Amino acid sequence: MLTRDDAGSSETQPALPGDERSRARRLLPPVAAGLGVLAATLFIRTVDPHVPGVYPPCPTQALLGLDCPGCGGLRATYCLAHGDISGALDHNLLFVLLVPLLIAGWVAWMYVAWTGRQPLSDRARATVARVLPVTLVVVFTVYTIVRNFVPYLGSGVG
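So the number in the working numbering is just where the residue sits in the sequence shown, counting from 1, plus 20.
To be clear, the hints were calculated from the coordinates, so they are not data collected in a lab. In this text, all values refer to a predicted model and were calculated from it rather than measured experimentally. Ideal Cβ placement from N, Cα and C applies to all residues, glycine included. Any given hint could turn out to be false.
Simulated DEER-style distance windows between Cβ atoms [stated by the list, open to error]:
(1) Leu55 to Tyr75: 17 to 27 Å
(2) Val71 to Pro120: 43 to 53 Å
(3) Leu48 to Ala101: 19 to 29 Å
(4) Thr147 to Val71: 36 to 46 Å
(5) Pro77 to Ala44: 17 to 27 Å
(6) Trp134 to Thr80: 35 to 45 Å
(7) Val159 to Val51: 42 to 52 Å
(8) Arg41 to Arg143: 42 to 52 Å
Can you build the whole structure from these sequences, using the hints too?
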């Protein structure tokens, strides 16, 4: 996507340096990801993970008898797809809390693809890229430990 420079000259420059792809090509990855998540959610909504043997068991749960951060995610997705928020919270609290953040991330990705402009400065993106992975590792580790000692936070399996 080309834009006029700040001086209003007739010369144009790419909105994102190095990204001269058409809008349609920029939109392809986030739209494909969104459609994939929608298809998976519709499948999970149709095929009840509460029925034993429908989906393979979690390897961590099967081998160690412990809930990993993802344990209960399929059942939480099923409950959310049916509008049962309390049921989803009962299966995987962290997943339910992350869903709005994942949606916000996807919307931001769509914004960048649509406009060809980044919503954050280079410095802010560098900070997010540095802090986010560490934060996620800490949150998932703490959640994994706590959910195996606090009965309410368990996935309901086992």
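Worksheet item: What hint numbers does the structure not satisfy?
Response: Result: hints 2, 5, 7 and 8 break, sorted rising.
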